[in-house]
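Colleague: Going down the list, the sequences are from chains D and Z. Its first residue numbered 93, the first sequence is counted upward by one per residue in the numbering used here. Its first residue numbered 75, the second sequence is counted upward by one per residue in the numbering used here.
Take these hints with a grain of salt, some might be off.
Distance condition first, Cα-Cα at most 30 angstroms in a straight line; then the derived DSS-like pairs of lysine-lysine [said to hold, decoys possible]: (1) Lys235(D) - Lys337(Z); (2) Lys318(D) - Lys171(D); (3) Lys242(Z) - Lys235(D); (4) Lys254(D) - Lys231(D); (5) Lys205(D) - Lys242(Z); (6) Lys205(D) - Lys345(Z); (7) Lys205(D) - Lys231(D); (8) Lys231(D) - Lys337(Z); (9) Lys127(D) - Lys343(D); (10) Lys210(D) - Lys185(Z); (11) Lys185(Z) - Lys205(D); (12) Lys231(D) - Lys94(Z); (13) Lys213(D) - Lys345(Z); (14) Lys231(D) - Lys210(D); (15) Lys94(Z) - Lys235(D); (16) Lys231(D) - Lys345(Z); (17) Lys235(D) - Lys345(Z).
By construction, these hints were calculated from the structure, which means they are not laboratory data.
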Amino acid sequence: MSNLSTQAAGAAKVSIVGVGKTFNVSGRDLVAIEKIDLDIGRNEFVSIVGTSGCGKSTLLNMVGGLDEPTSGEILIDGKPVNGPGRDRGFVFQTYSLFEWMTVEGNIRFALEKSTFSKAEKSELVAHFVHAVGLSGFEKAFPKQLSGGMRQRVAIARALVYKPSILLMDEPFGALDAQTRGMMQELLLQIWDDHKVTVLFVTHDVDEAIFLADRVVVLASRPGRIKKVLPIELERPRSFEVLTDPTFAAYKREILADIREETLKLMAMDHS
Amino acid sequence: MTQQATGSGKPARKRKGLLKLRQDIPDSIFSAAGFVIPVVLFLLWWAVTAMGLVRPLFLPSPWSVIGEGWRQLMEGILFADASVSIYRILIGWLAATVIAVPVGILMGNYKLIEGLLEPLISTVRYMPVVALIPLSILWAGIGDGQKILILFLGTFFQQALMIMDNVKNIDLNLIRAGQTLGFSNNEILRRIILPAALPGIWDTFRITIGWTWTYLVVAELVAANAGLGRRIMDAQRYLSTDTILFGTLFIGLLGLLTDYLFKRGGRSLFKWSSQTR
Chain D
93 MSNLSTQAAG
103 AAKVSIVGVG
113 KTFNVSGRDL
123 VAIEKIDLDI
133 GRNEFVSIVG
143 TSGCGKSTLL
153 NMVGGLDEPT
163 SGEILIDGKP
173 VNGPGRDRGF
183 VFQTYSLFEW
193 MTVEGNIRFA
203 LEKSTFSKAE
213 KSELVAHFVH
223 AVGLSGFEKA
233 FPKQLSGGMR
243 QRVAIARALV
253 YKPSILLMDE
263 PFGALDAQTR
273 GMMQELLLQI
283 WDDHKVTVLF
293 VTHDVDEAIF
303 LADRVVVLAS
313 RPGRIKKVLP
323 IELERPRSFE
333 VLTDPTFAAY
343 KREILADIRE
353 ETLKLMAMDH
363 S
Chain Z
75 MTQQATGSGK
85 PARKRKGLLK
95 LRQDIPDSIF
105 SAAGFVIPVV
115 LFLLWWAVTA
125 MGLVRPLFLP
135 SPWSVIGEGW
145 RQLMEGILFA
155 DASVSIYRIL
165 IGWLAATVIA
175 VPVGILMGNY
185 KLIEGLLEPL
195 ISTVRYMPVV
205 ALIPLSILWA
215 GIGDGQKILI
225 LFLGTFFQQA
235 LMIMDNVKNI
245 DLNLIRAGQT
255 LGFSNNEILR
265 RIILPAALPG
275 IWDTFRITIG
285 WTWTYLVVAE
295 LVAANAGLGR
305 RIMDAQRYLS
315 TDTILFGTLF
325 IGLLGLLTDY
335 LFKRGGRSLF
345 KWSSQTR
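The whole structure should be built from the sequences, with the hints applied where relevant.
Modeller: So, in structure tokens, the structure goes:
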């Protein structure tokens, strides 16, 4: 296990211990995830990549408590996950905003179950509206915003109640390349300012490397860890790092891994 | 040069054709288009009757139909009929809606309730409402209650299933977002699922009240002494085709008005919705 470097330094924020997930599809057991062991350190940024159907979203949902593992367990600060909780914020690929609420309303809604005072809540909302660059759009409805702006509201909504973990499921997958680049830089900025542990699922290898401290490559059918690759690029990172030779080397390695998996899958489908 | 580069050889012009796939056309033309067929039909109707191609018994002239409408209006019959019918429609539709909304919402969210009710509702909705008239009289008498019962039966079952679908169609991640934010099932139901499904439910309202209108004649088939549908059925006995035609067209017009009101209402209630156009 240690050669896969699934252990983070120090006490783990999130521990995924022997987690497996089996779906029952019309009477047949389908193993989506076989056995995953992974520790994620406090304030670490971990990206998960893999071919489609490798179970990366399922894994994220299980950490979020939206899905239950069939074997193994997930620990947060040493305590087992039992359903969703306010120690974790979730950002989905579909923006999933409450369309009938304004930008401010969406963010404030997330604070309803918090014990902050009214003044503190207003301050938090204002702070996060500003942090995601939406000042001036407080009273706008999601319908009036672009995709990138909507996802910024979703990020603010997921962070405003001060969770210690941010779970992101292909959050920028639906955005155009330029907007995506800006959002990635914004996310790193927010991560740096607010100190959260991030688990980020994507199929975009550039994105995975650019953001993460470690990239987890999943193998498919059943989903399992193929490789954990520490990314030793200096922070703070900007778009310039994308053309760095070290970056290219990481990218080559991950692409080769994913390609190998894709070829295996194609061979499986043809047999 | 640039014109040739387009390849067509013709001068590059702004394309303004009215028959382009999925292309918007000016609003004025769009609205005017709706009048073309009615106007053509009206002219045809007029021509056919004016030239005496059909006997008035089969198709009275437009003028005699309009005259019949004028007579009913002047004698106060029209207003009396319309208010009785509108009252029945409103009560019948509201009764169906008041039950269909919670039933549909529960069916859309709880598999057990869907499993419990779906087979029953799906069967009943195919039963012809006309066939239930004798039973409805037996159960509800011959007063307004029976008419309202028929309208209820014609509306409720379809409506409940449609509302179930409206609820199911909302983005699952909205519910998940609610769960991650710490809301209880009950809160998610009331504060997330319900508002998210509301624009769709409103569309269902608009469609189903149209169906309630179409059941009006069926509801007033027996033992009614007033109502727009009743007037048509009475006219049948005396072969007053002008009364029949006027009554039918008038019900159509009231239906159109209802539809318009719901459309406008939906637009101003759900400005925030990405579904409203």
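Colleague: Hint by hint, say whether it matches the structure.
Modeller: Now the hints, each set against the structure:
no.: 1; hint: Lys235(D) - Lys337(Z); in the structure: holds, 19 angstroms
no.: 2; hint: Lys318(D) - Lys171(D); in the structure: holds, 26 angstroms
no.: 3; hint: Lys242(Z) - Lys235(D); in the structure: holds, 21 angstroms
no.: 4; hint: Lys254(D) - Lys231(D); in the structure: holds, 23 angstroms
no.: 5; hint: Lys205(D) - Lys242(Z); in the structure: holds, 26 angstroms
no.: 6; hint: Lys205(D) - Lys345(Z); in the structure: holds, 28 angstroms
no.: 7; hint: Lys205(D) - Lys231(D); in the structure: holds, 22 angstroms
no.: 8; hint: Lys231(D) - Lys337(Z); in the structure: holds, 26 angstroms
no.: 9; hint: Lys127(D) - Lys343(D); in the structure: holds, 26 angstroms
no.: 10; hint: Lys210(D) - Lys185(Z); in the structure: violated, 39 angstroms
no.: 11; hint: Lys185(Z) - Lys205(D); in the structure: holds, 28 angstroms
no.: 12; hint: Lys231(D) - Lys94(Z); in the structure: violated, 38 angstroms
no.: 13; hint: Lys213(D) - Lys345(Z); in the structure: holds, 27 angstroms
no.: 14; hint: Lys231(D) - Lys210(D); in the structure: holds, 19 angstroms
no.: 15; hint: Lys94(Z) - Lys235(D); in the structure: holds, 27 angstroms
no.: 16; hint: Lys231(D) - Lys345(Z); in the structure: holds, 14 angstroms
no.: 17; hint: Lys235(D) - Lys345(Z); in the structure: holds, 9 angstroms
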